[in-house]
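Colleague: Each chain, written out:
2 protein chains.
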Amino acid sequence: MNLRVPDELDIIARIARAVPSHTSPVLPLTIGDDAALLRPPRGKQWVLTCDAFVENVHFLARVHPAEAVGYKALARAVSDLAAMGATPRVFLLTLGLPADRTGAWLNRFLRGLARAARAFDLVLAGGDTFRSTAVFVSVTAIGDIVGGYAVKRSGARPGDRIYLSGIAGAAELGLQLILRGLARSRSWKTLLRPHLFPVPRLKLGSWLAKHRLASAMLDTSDGLSTDLDRLCRASGTGARIFAALLPAVKVPGELRRRGFDPLQLALHGAEDYELLFTVPRKRVHKLPARFGGVPLTCIGEITEPPQLLLVGENGAVQPLQPAGWDHFRSKPAQTRKPGSLP
Amino acid sequence: MNLRVPDELDIIARIARAVPSHTSPVLPLTIGDDAALLRPPRGKQWVLTCDAFVENVHFLARVHPAEAVGYKALARAVSDLAAMGATPRVFLLTLGLPADRTGAWLNRFLRGLARAARAFDLVLAGGDTFRSTAVFVSVTAIGDIVGGYAVKRSGARPGDRIYLSGIAGAAELGLQLILRGLARSRSWKTLLRPHLFPVPRLKLGSWLAKHRLASAMLDTSDGLSTDLDRLCRASGTGARIFAALLPAVKVPGELRRRGFDPLQLALHGAEDYELLFTVPRKRVHKLPARFGGVPLTCIGEITEPPQLLLVGENGAVQPLQPAGWDHFRSKPAQTRKPGSLP
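Note that the protein sequences, when read in sequence, are chains A and B. The first sequence maps to residues 57 to 398 in the numbering used here. The second sequence maps to residues 57 to 398 in the numbering used here.
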């Protein structure tokens with residue numbers, strides 16, 4: 057139990073000790089001033105993104121370990137940099153904490169945040185802390201890329217092949233196991249990892265950008281169907297994807313019998329943070345089957361008519377509804393029915 | 057009443073329509089992609105800051121107009137850029153909204169945000185939206201400055217004169233009138249303005265930086281006593297300030313009789329967003345008495361012993377306790393006793 061609530065300077069000092077925050081040629085000033093200074097490397101553009109991670113909206117303190125909350129708050133933002141092909145450099149942290157989370161919980165949170173900062177090579181450049189009634193985290197992540205090489209969402213053209221990295225639906229399977237109270241079973245523990253500690257595809261994103269292989273790219277944060285819809289809307293195209301080609305998560309027989317369906321998880325499951333990208337047909341041969349151990353799978357193609365179509369395993373074609381996560385249409389996480397997809 | 061909750065794309069589209077978000081040489085891509093791209097002007101450094109503005113922590117929806125919430129969310133962050141001497145360029149918006157605030161409230165909020173964006177010449181570069189149980193805003197503001205000219209908190213030296221722009225305690229007076237239910241009186245309406253629509257001192261900050269007049273600088277967001285303490289800690293110095301010199305807010309007689317004390321407001325009142333800066337003695341003659349209509353007042357001097365001292369109007373010297381706002385020591389806004397300083 058915390059008998060004493062630490063003050064703001066104490067919390068900032070603990071953050072500075074726990075998370076990498078040293079100066080560098082890019083970052084000439086450490087945290088604690090009014091604002092951070094960034095010195096851009098010659099010929100580069102900065103790439104910026106911000107991402108909120110809020111208790112009872114994006115995570116549940118009751119079921120999500122503090123270390124995973126800290127890790128994921130940064131990993132989610134970094135994944136947006138990967139989706140542009142950028143290399144992460146620094147981040148800003150906005151952190152709201154209830155008084156009873158300023159002790160051991162904060163230490164575990166910071167351990168997870170520091171682990172992500174080291175894994176993805178980012179340094180803390182500044183931030184804002186305040187007291188709140190629930191945990192509130194917002195991360196601004198900043199990377200750089202050679203001018204003109206960033207991959208947008210809007211570059212897909214009819215005929216381009218659609219690729220997905222890694223496995224689809226694995227994060228949603230982990231979330232559902234936690235929400236259904238099945239997370240304690242030892243045999244299913246490894247199934248939680250993609251949900252708790254997703255790995256942004258930084259090297260793949262920057263390789264695709266550098267070699268100008270991807271005509272459009274985003275990360276699958278809200279579910280393949282919803283994210284593909286966004287890519288197609290931005291590009292003014294449609295898409296046809298094939299159920300038989302989807303690299304769907306492997307679901308153990310016992311969980312299938314409980315109603316977990318690999319195809320539904322792969323199509324609509326949120327938070328995989330894999331890269332969804334399109335490749336002009338003539339450049340497809342330059343793409344390896346795996347990149348750094350991560351499979352790259354062709355799942356369909358971009359079409360001119362602006363619809364999303366799903367070709368079933370039996371060859372039947374049906375419209376694909378974007379049924380992933382929409383923050384204003386969907387219920388917040390804590391009110392989702394266990395087992396229902398978001 | 058809202059019968060329909062708009063979806064995420066609808067909310068993003070309304071933000072994009074309401075707030076300046078056009079491309080420019082600095083910002084080659086509009087909002088809606090995974091991340092924003094920034095192309096730095098040659099020879100400049102980027103200056104970055106983030107600032108949260110949260111319902112029931114930083115404002116109360118019951119008493120604060122939505123337009124002031126939108127305006128102030130951005131003005132607060134911009135003030136941190138002013139305190140470095142930087143020129144604002146773009147901002148990122150993290151916005152969490154309850155379903156019943158996505159209609160008229162959001163429109164008024166966006167009107168205030170757009171007003172601030174135009175007044176301070178910033179363009180929206182990206183952001184993140186989600187549904188939450190209370191309004192949550194976090195702004196990342198980005199400016200630039202010629203390399204090597206940013207003014208840090210840590211540069212004050214013994215003998216430097218301490219200056220404050222504008223009026224001290226005016227924002228706290230406005231807040232207290234609102235919290236005590238005195239805001240409806242027409243004669244006191246103008247007293248609310250510094251609290252609801254504070255003006256960051258951008259031109260002054262950039263002028264002081266350009267002419268290397270300020271050895272250290274920050275903005276008074278948490279109260280003069282607390283912010284002076286931060287400047288002195290960062291610089292490894294102390295300070296002596298004079299009650300008789302403080303440009304304290306003018307309090308009408310009737311409000312003085314109700315217990316509003318100009319000196320206490322000036323010393324500890326939060327959220328003025330004025331600039332507190334130090335000037336080497338030899339350069340003081342270069343400083344005008346007013347800058348763009350805003351008075352610049354010498355209120356004391358930096359000392360070697362690391363204490364804060366207040367010289368009273370009668371000449372008596374006493375220690376000055378940092379008694380402004382600390383987010384973890386103080387109670388959140390809604391639980392402050394009316395009339396008590398934060």
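The set of hints was computed from the structure by calculation and includes no laboratory data. Source: prediction; values computed, not measured. Hints should not be assumed to be uniformly reliable.
What follows is a list of derived Cβ distance ranges for each label pair [what the hints assert, rightly or not]: (1) B:Val350 with A:Asp66: 30 to 36 Å; (2) A:Gln377 with B:Pro81: 50 to 56 Å; (3) A:Arg240 with B:Gly292: 51 to 57 Å; (4) A:Gly159 with B:Cys354: 56 to 62 Å.
Using N, Cα and C, we set each Cβ at its ideal position, and we do this for glycine too.
Colleague: Compare the structure with each hint and give your call.
Modeller: Hint-by-hint comparison with the structure:
1. B:Val350 with A:Asp66: 30 to 36 Å: Given a distance of about 35 Å, which is inside 30 to 36 Å, the answer is holds.
2. A:Gln377 with B:Pro81: 50 to 56 Å: violated, 40 Å
3. A:Arg240 with B:Gly292: 51 to 57 Å: holds, 52 Å
4. A:Gly159 with B:Cys354: 56 to 62 Å: Given range 56 to 62 Å: violated, Cβ gap about 43 Å.
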